[in-house]
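Student: Residues per chain, in single letters:
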Amino acid sequence: MKASMKNPLMRAFAALLILVIAVAADGQIKVTAQLLDYEKGYVFFTSGDGFKVAPNAPILDYKTGAVTTASPGPRDWARATFDATGLVTQLELSKTPLAPEGDLASIRRFAVALSPTVANPDLVPVPVDATGAEARRHFTGAPVPVSFIVRVPPSTPLTASIYITTDQSAWNPEAIRMDRIDALHFRITRIFASGTRFKYLYTRGSLSTQEVDERGIQRVPRTIVVPDVQTLARGDDVYEWADTAVGGAQPQPDSIPTPYNPAPFPNLPSPGSLPTIHP
Amino acid sequence: MTLLRHLSTAFAIALLLAASAAAASAAPAAAASPVPHRTLHLSADRIAFYYDRFLGEADGHVRITTGDGLTVTGATMTMDLKNNRFMVAGGVHLDSPNGVQDGAALADFMDFNRVYFVPITSEPDRWTFVDGDYTHPLLGREMPGDTFAFPDLSKNVPYLLAGKAVIGERDFVRFGNVVMMEGKVQTIPLPTYYVTFSSDPHLSENSLAGANYDATWQFAGNRNSISAVHLRYDQTNKAYAAFEQHFASKKAYLVLSLNPLTRASKFYNVVGDYQPDERTELHTFTQFHTYQNGFSLPQQEQHVTSVRLIHGFNGFSASLTYQTVNYCLLGTQDKYDPSGTLRVVQACGTGASLVGEPLSISHPQTWSLDFSSLEFPKHAAAFPVKVRVNAGISYIHDGCGFVDPRVDKCTAALQVLGDTAYTTIGSKYVGATLFAPSIKIGNRENTYTMYYFNAALDAQTTWYTVPHRVVQINGKASLSRDFSRSVSSYLSAEVQQPGAFYHQASDEQQLYPVNPVYQDPNFSSFQAFRGSSTQRTLALGINFTPNPDFVFNVLARKHTDFPIAVPGLFSLPPVNVLGAFTSNSFLGEPPYDVTGDLRMRVLRHYYLDISRTYYFNFGTLKWSPSFVIQVSQ
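As given, the protein sequences belong to chains A and B, one line each in that order. Last residue of the first sequence: 279 in my numbering, with the numbers rising by one and none dropped. Last residue of the second sequence: 1633 in my numbering, with the numbers rising by one and none dropped.
For the record, the hints were derived by calculation from the structure and aren't laboratory data. For every residue, glycine included, the Cβ atom is placed at its ideal position computed from N, Cα and C. Hints should not be assumed to be uniformly reliable.
Claimed, not checked - Some chain B residues judged to face chain A by a derived CB distance under 8 Å, without partners named: (1) Phe1148; (2) Phe1197; (3) Arg1308; (4) Ser1317; (5) Arg1444; (6) Pro1573; (7) Phe1586.
To be verified - Anything over 10 Å on all C-beta distances counts as not near chain B; from chain A, calculated: (8) Thr32; (9) Asn56; (10) Gly73; (11) Ala84; (12) Thr89; (13) Glu101; (14) Thr117; (15) Arg234; (16) Gln250; (17) Ser255; (18) Ile256.
As the list claims (entries may be wrong) - Restricting the straight-line Cα-Cα distance to at most 27 Å, the calculated cross-link-like pairs of lysine-lysine (DSS-like) are: (19) B:Lys1251 - B:Lys1082; (20) B:Lys1238 - A:Lys199; (21) B:Lys1155 - A:Lys95.
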């Protein structure tokens, strides 16, 4: 607890110290940022903040340091130099990302806005266990290994391959292939950023062999929202496959059903086609 | 019976029309919902689509109009299709129903009905439009930290470039003036390209058979339909084209396809599905198979229609299924040889047959009513075995299997036992499945030393109205263990025991005859075979998954079967167009086999699957007929 209190204070103190030193040195503050717009005497960063640009402020090329005729535009990167009054006195442009320099938070006080800042109730964090507000939860975006372990029905053939189909892959029925780990279970581990939300179903490689619910009816896709945890294990049960559910297999595309066969053996040799081993 | 068949077919067609109507009516239904999904129209000098991140980036003369009367122009735009938000920046001009305003940037978080705007009046400001009210912006309201952030795409390359796009919020995007990209190289120009990212899988249902490779061009579509051309390859048809049309709504879908489009052997498929509520589903499948050059008069034509109604009750579900198959829709054709002799050519079947040969006009119809219990007990903490019970009845009728055109008399039926030909056969069955989902054995503290035990037993008996019954028993058990994060293994044993039993010994001998050829010592076990087989499989599987883009599986199996497999005695079951066996178990499986299965990412959006089986010189069989190769996105 003590250390966690100490670090932010130390960081704030260090930032303030750098700011004071920088201002005291030549009265200038330099920061790098990505640009949103440059017009009507203002430059806008992707933070949404707009800053007044001094008349005749030079526009330079970041690499060469020479004056450039290029006009600052959205997606450009720039190193902006602020004077002590918050006026942008110089812009150095780059088409490629620049290494972070300066403290963007420290120059927010220079941002120009007609209206005073008002708190936004939408941004109040919602507790993880709150219901009905999943989309407002805050996530760090950290990578989280997510293991899907699925129990398949006993009717699943031993040679079957199991896949996950998701709305992230346009419901490709073979999007994520799983590994069999025993007679009734398959597993796959994938890494997702926390906050990732998607819907998915299990299949045996085609949409005509996708999972159905316990009534044998096409089921609603499952939903997962990856939380901020070290690892996540997701266990699911497939109750039955569409082609092995109650009512039996349906005809498949591109294959006229085989004629009625009273024998439960698909390749029983018929007496008329017996092999001749010893001619 | 003919009337019944026509009524049944009419019912299937009516169902298709109903599903089609349901799909077509979906758009107004969606429009009437409280929070309608809007359609955005975007144009720019250059639109880049990053499929792997579902991001659209537009630059130069960006113009976007939304369904609620908002038009925004600017220098650049980024849109996150999955998170359903977009941002326009650089010389932004906002034209709303309540006036116009210039600004630096505008971001629309469509899921939340929030539009964040940085206007420039006398000075910059921050406005938030809430719930589509562009008259009363909330001034100075704090905005989310990433509202105006551009995504970092330095490690991504676009999937395609385009000049315009129609974006169906949360559902689809349809690009115009498209150039496809592979890496940083521009490849194929296309007039349109449609991508769906809907969370509803109905629009992605398909009616095509598998293929080793399928390149799909979805050239048209909206929230409720997709039109697509497929360029495919499989081992039977080689390279060919196919066409597929999808319709979908929240409760129904309809898929029509023609596959292959460019081969003489064509399948016309229709799949329909309608779910009026969460307990009921109506599913239908209709297929016509023709052999025709182009779209000329077919030389062969067969047909199948299947309709299934499923309803879930408390504790069990029931399914009513009807299926009709017509193995020949064309009948006969008169032809004359050079001498002027009339020859009647059969137009269906494996080939043309001449006068005097039986003509297949088989057209069986099947009705079946099936019941299946839910798993019980629901909570199996104290009792680690779950049970399911199923039962059903069915009825199949085929008035005439073959006909001799000379005497116009049926010469075959569904089944002939003794002197009796059965054209109608009823059946009833009862079955049960018991299984133990997972029992942990060993050190539970360490995942990599713990074993999991699973077992399942399935048994079913079917009684027929002919003196015949079929018993099928299948048991399997496995022991598995993870050795590390990337290596796991399992040992599995499976026993299948299908048996056909006839009340009369003469009937049994008719189907399973004692033939002198079986006197060969090699066939000693088959000589004793009377319709009851035992197939034992011991399998060892090893999985190696060092990373998600590389998977290698090895499966080694030993089969100990009765009757004993003898090379040449049993034919191998047919393979599908992918080169894989269509049957999972069959008589005469080679005693030993090892299958290697490799999957790896070969391009940004493509995975390559390769598998093949080695049979250890069983007769002349060394390898499976061919590699099973499949490319998927």
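Student: Against this structure, judge whether each hint is valid.
Tutor: Status of the hints after comparison with the structure:
1. Given hint, phenylalanine 1148 (chain B) at the interface with chain A, holds; its Cβ is 5 Å from that chain's nearest Cβ, closer than 8 Å.
2. Hint status for phenylalanine 1197 (chain B): holds, given a least beta-carbon distance of 7 Å to chain A, under 8 Å.
3. At its closest, the beta carbon of arginine 1308 (chain B) sits 5 Å from a beta carbon of chain A; the interface hint therefore holds under the 8 Å criterion.
4. Interface hint status for serine 1317 (chain B): upheld, as the beta-carbon distance to the closest one in chain A is roughly 4 Å, under 8 Å.
5. The closest approach between the C-beta of arginine 1444 (chain B) and any C-beta of chain A is roughly 15 Å, which is over the 8 Å cut-off, so the hint fails.
6. Annotation: proline 1573 (chain B) was flagged as interfacial toward chain A, and the flag holds, the nearest CB pair being 5 Å apart, inside 8 Å.
7. A least Cβ separation of about 5 Å between phenylalanine 1586 (chain B) and chain A falls short of the 8 Å threshold, and the interface hint therefore holds.
8. Residue placement check: threonine 32 (chain A) keeps its beta carbon more than 10 Å from all beta carbons of chain B (closest about 15 Å).
9. Residue-level check passed: asparagine 56 (chain A) sits 20 Å from the nearest beta carbon of chain B, beyond 10 Å.
10. Remark: the non-interface label on glycine 73 (chain A) conflicts with the geometry, its nearest Cβ contact in chain B lying 6 Å away (cut-off 10 Å).
11. Non-interface status of alanine 84 (chain A) relative to chain B is upheld: no Cβ of that chain comes within 10 Å, the nearest being about 20 Å off.
12. Every Cβ of chain B is farther than 10 Å from the Cβ of threonine 89 (chain A); the closest lies at roughly 18 Å, confirming the non-interface assignment.
13. A cut-off of 10 Å between C-beta atoms confirms that glutamate 101 (chain A) is not in contact with chain B; the least separation is 18 Å.
14. The beta carbon of threonine 117 (chain A) sits about 5 Å from the closest Cβ of chain B, which is not more than 10 Å, so the claim that it is off the interface is violated.
15. Distance check on arginine 234 (chain A): its Cβ is at least 15 Å (rounded) from any Cβ of chain B, clearing the 10 Å threshold; non-interface status holds.
16. A beta-carbon of chain B comes within 10 Å of the beta-carbon of glutamine 250 (chain A); the shortest separation is about 5 Å.
17. With a cut of 10 Å on Cβ distances, serine 255 (chain A) falls inside the contact zone with chain B, its closest approach being about 7 Å.
18. With a cut of 10 Å on Cβ distances, isoleucine 256 (chain A) falls inside the contact zone with chain B, its closest approach being about 5 Å.
19. For the hint linking lysine 1251 (chain B) to lysine 1082 (chain B), the alpha-carbon distance of about 23 Å falls within 27 Å, and the restraint holds.
20. The hinted pair formed by lysine 1238 (chain B) and lysine 199 (chain A) fails the criterion: a straight-line CA distance of about 35 Å is larger than 27 Å.
21. For the hint linking lysine 1155 (chain B) to lysine 95 (chain A), the alpha-carbon distance of about 15 Å falls within 27 Å, and the restraint holds.
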